[in-house]
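Following the hints, position chain D against chain F.
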Amino acid sequence: MSTVVNNDFIPPVGGLLVEREESRVFWQLRVRMAIATARWMLATARLRMSLVGSLSLFFWLGLFVLFYHGFAFLSSPSIHTNVVEPLYNAFFLALMLMLVFSSGIILYGGLFSSPEVSFLLTTPTRAQRIYQHKFQEAVWFSSWGFVLLGSPTLVAYGVASQAPWYYFALLLPFVVAFVYIPAAIGGIVCLLVVDRLPSIRVHALVLSLVAVVASMSWLIWTIFNGAETNLMTPEWFQELFSRLRFTEQRLLPSWWLSTGLLEASRSPAMVPLGDPPWAQSLMYLALLVSNAMFFNLVGTWLAGKVYRASYSRLYDEPSVRRRASTWWLDSVLARGAFFLPHDVRMLLVKDFRLFRRDPVQWSQFIISFGLLALYVVNIRRLSYIPNYSAMIGFLNLAVVGLILSTFTTRFIFPMISLEGRRLWILGLLPIRRDAILWSKFLFAAVGSLLPCMTLVLLSDLMLQINLPLVIIFHQVSCVVLCVGLSAIAVGLGAKMPDLRAHSPSKIAAGFGGTLNLVISAGYIVLVVLLTALPVHLFLGAGQEAPQTFIDQCIHFMGSSAGIASGIALTLLTGVVATVWPMQVGLRAFRKLEL
Amino acid sequence: MIEFDQVTRNYGLKKAVDRLTLSIQPGELFALLGPNGAGKTTTIKMIVGLLRPTAGTVRICSYDIVRETRQANRCLGYVPEEPYLYEKLSGREFLQFIADLYGLGREEAAIRIAREIQNFSLAEFVDQMTESYSHGMKQRLVFAAALLHDPAVLVLDEPMVGLDPRSMRIVKDLLRERANAGMVVFMSTHTLGLAEEIADRIGIVDRGRLRFLGTVSELRQQLAQEHTSLERMYLELTATAEEAAARESSP
Numbered sequence: 001m002s003t004v005v006n007n008d009f010i011p012p013v014g015g016l017l018v019e020r021e022e023s024r025v026f027w028q029l030r031v032r033m034a035i036a037t038a039r040w041m042l043a044t045a046r047l048r049m050s051l052v053g054s055l056s057l058f059f060w061l062g063l064f065v066l067f068y069h070g071f072a073f074l075s076s077p078s079i080h081t082n083v084v085e086p087l088y089n090a091f092f093l094a095l096m097l098m099l100v101f102s103s104g105i106i107l108y109g110g111l112f113s114s115p116e117v118s119f120l121l122t123t124p125t126r127a128q129r130i131y132q133h134k135f136q137e138a139v140w141f142s143s144w145g146f147v148l149l150g151s152p153t154l155v156a157y158g159v160a161s162q163a164p165w166y167y168f169a170l171l172l173p174f175v176v177a178f179v180y181i182p183a184a185i186g187g188i189v190c191l192l193v194v195d196r197l198p199s200i201r202v203h204a205l206v207l208s209l210v211a212v213v214a215s216m217s218w219l220i221w222t223i224f225n226g227a228e229t230n231l232m233t234p235e236w237f238q239e240l241f242s243r244l245r246f247t248e249q250r251l252l253p254s255w256w257l258s259t260g261l262l263e264a265s266r267s268p269a270m271v272p273l274g275d276p277p278w279a280q281s282l283m284y285l286a287l288l289v290s291n292a293m294f295f296n297l298v299g300t301w302l303a304g305k306v307y308r309a310s311y312s313r314l315y316d317e318p319s320v321r322r323r324a325s326t327w328w329l330d331s332v333l334a335r336g337a338f339f340l341p342h343d344v345r346m347l348l349v350k351d352f353r354l355f356r357r358d359p360v361q362w363s364q365f366i367i368s369f370g371l372l373a374l375y376v377v378n379i380r381r382l383s384y385i386p387n388y389s390a391m392i393g394f395l396n397l398a399v400v401g402l403i404l405s406t407f408t409t410r411f412i413f414p415m416i417s418l419e420g421r422r423l424w425i426l427g428l429l430p431i432r433r434d435a436i437l438w439s440k441f442l443f444a445a446v447g448s449l450l451p452c453m454t455l456v457l458l459s460d461l462m463l464q465i466n467l468p469l470v471i472i473f474h475q476v477s478c479v480v481l482c483v484g485l486s487a488i489a490v491g492l493g494a495k496m497p498d499l500r501a502h503s504p505s506k507i508a509a510g511f512g513g514t515l516n517l518v519i520s521a522g523y524i525v526l527v528v529l530l531t532a533l534p535v536h537l538f539l540g541a542g543q544e545a546p547q548t549f550i551d552q553c554i555h556f557m558g559s560s561a562g563i564a565s566g567i568a569l570t571l572l573t574g575v576v577a578t579v580w581p582m583q584v585g586l587r588a589f590r591k592l593e594l
Numbered sequence: 001m002i003e004f005d006q007v008t009r010n011y012g013l014k015k016a017v018d019r020l021t022l023s024i025q026p027g028e029l030f031a032l033l034g035p036n037g038a039g040k041t042t043t044i045k046m047i048v049g050l051l052r053p054t055a056g057t058v059r060i061c062s063y064d065i066v067r068e069t070r071q072a073n074r075c076l077g078y079v080p081e082e083p084y085l086y087e088k089l090s091g092r093e094f095l096q097f098i099a100d101l102y103g104l105g106r107e108e109a110a111i112r113i114a115r116e117i118q119n120f121s122l123a124e125f126v127d128q129m130t131e132s133y134s135h136g137m138k139q140r141l142v143f144a145a146a147l148l149h150d151p152a153v154l155v156l157d158e159p160m161v162g163l164d165p166r167s168m169r170i171v172k173d174l175l176r177e178r179a180n181a182g183m184v185v186f187m188s189t190h191t192l193g194l195a196e197e198i199a200d201r202i203g204i205v206d207r208g209r210l211r212f213l214g215t216v217s218e219l220r221q222q223l224a225q226e227h228t229s230l231e232r233m234y235l236e237l238t239a240t241a242e243e244a245a246a247r248e249s250s251p
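Which chain is which? The protein sequence lines are F and D, in order. Those letters in the first sequence? Residues 1 to 594, by my numbering. Those letters in the second sequence? Residues 1 to 251, by my numbering.
With the rest of the complex left out, here is chain F:
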């Protein structure tokens, strides 16, 4: 720093920015950050980028193929020619409700609790501009999933129905205009709730969540109720149409979107009289765009009126200082784990306390496994061929594993990184460093065993699998999955810690987290294949003698010896997937400088 500061006070120059200039400054900020992020990723995270890009492309293509065949099936005359319209109406209506909710929550976080707005509010920036800045972020964060999931569906429909070129050209404007409407409504609701009902904002949030979950459940119930028989028959479709009639309300933006897109997909030759379909489509697009602009304008105007006052009023409530107390489950865990070394037991209880006091963790856990349980309990409503029940059981096992792997990536992998600057406290304690890692492994493995094994058992019971061997196989595979996935997450988390990061989602989205997710997915596929294939071949084995070498292999795999080999290989895979990552993690963690 220079020691001489010779700089007389000069009164401020430059005035307050007009709206257009302010908008330009914020766009420049966004562009600068986007360029810097892209450069940084190209320089330091090429592998991660290519991995994420390839997986996204793979996922996109997979969905495209799936939906293409689905639409091709639906367009066959034996089913129904107009089946897509009610399905689109229902899909976009559900999406609209979710977008209102998700953008409202994201905006609440962005407008009222982000450090960026605490900084921007101390500058002469208009409240409207800050709202717009955070609103654009909310639109992006709440709708990128829709782009990833929705675009293959819409493109597949266009290809399957041989839509004209302008259908594909109009997809993006339609989707963007549509997304803005629920996002702006979410923003308006968010501002009004915080302004008018600041003290009950959390209750309002919970109530809206319950309302959304209830409407989603009702929608799903409406679609699949009575689906035990006649599934996918013309009668079933007719019944479905009448149930989904309510989604055809002319005032719903979801209806404008589906109608506009379906109009665009029709060839002019199909409509010899009246306006050409593209003109009809453009009319719906104009309707969506004008409404998007209107709601955005209302949200921005409202922000100008209430945002700064609401921000201040939000802090009128004294911060609640929650008293930390020992819960009976902490004591149960401490006593139940009596056989473990004292240091491991104490660390285990500490991690459990952190988990139960973090609603983000347990609420996501409950929601995901709750939805899975709902699916498993209702599995009989979906018609399936009973001979395949064992295989469906294995598929359910894979789904449980995949859900668990997202949790181990999101919450277990970042555990060591999140110790961050506190790690020196643990490092200076008179405990073995290994104990820290083992406690995290036990926390993850033991914590996941009960819900996962219960779900898999429930799935077998609902599928009426009456072969004890298959049930035992499922349970053994489930244990192997839980233990292995926990070890992979803990081991890799210790091998690749990011001690400067504060956000678990950021750590999980980093290279280490992505690698953990990919390895976990590979491990799940391997374990399920090793157990499912022999059982499948065993159940479907014929009496004919095998002729070729491949036939002999298949015959062996479908024999009792093949099943025994499958289970032995599964156990071996589980041991390798547990021991190896833990060894790697322990070695790295012992060397880690605190």
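Wrong hints could be hidden among the right ones.
[As the list claims (entries may be wrong)] Over the 12 angstroms line for every Cβ pair with chain D, so calculated as not near, a few chain F residues:
1) Leu-51
2) Glu-85
3) Leu-97
4) Ser-151
5) Pro-164
6) Val-176
7) Ile-185
8) Phe-338
9) Asn-378
10) Val-479
11) Gln-583
[To be verified] So, partial list: chain F residues that the calculated Cβ filter (under 10 angstroms) puts toward chain D:
12) Glu-21
13) Ala-36
14) Glu-116
15) Thr-122
16) Tyr-315
Hint data in this document are derived by calculation from the structure and do not stem from the laboratory. Just so you know, even glycine gets a beta-carbon here, dropped at the ideal spot from N, CA and C.
What follows is chain D alone, placed relative to chain F:
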């Protein structure tokens, strides 16, 4: 330049700031002292427009911070205790963003950015992304950003946290010089020595009330008369009833 008129700010039933009336004139360096939870940060957040008073008015450069927020903020520079920087911007890009936000022309901005880079010795790291900065580097950049538009009022919340002794010396000199040049400097601090060394006037707050207000010479006079030190006086003014009783009963 900064005027508090019977300002009260409540958090529920708790009064964080209680009927504060205070006027700080151009060229004055004012230090606000007080224990944790005394109302210092609330007072600062009301000056910069983050919080609104429950009662009373706060005026910055004659602008009401509630009704004329943008004009008031235009006169302000603010250095918070926990600085916020855009991680994916370099220090220079951040300064450019601030210059744009305050409507400085391109040439004017370039001159001032160069000046602050020199004043705060940022040249070594100003083109690196801020995510790689240490706390001290971030603090220096935030100082530079707060002074870039030559505000009439500079507000600092615990400004010396994270600065090395050399940087602290430079910041002290700079604050003094800016105040001498006509700027209002409003600073909250726990460091009694810092307040005594550079402030023109000192206010001591406790539980939302202003317990002492006076110039440093008045303070010194009072301290000399009472044969006490600033630390002792501060402790007496901010003591809880129990602490005061314990102190009186001790030999």
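(Q) Tell me the hint numbers this structure goes against, listed in increasing order. (A) Going through the list in order, the structure violates no hint and respects every one.
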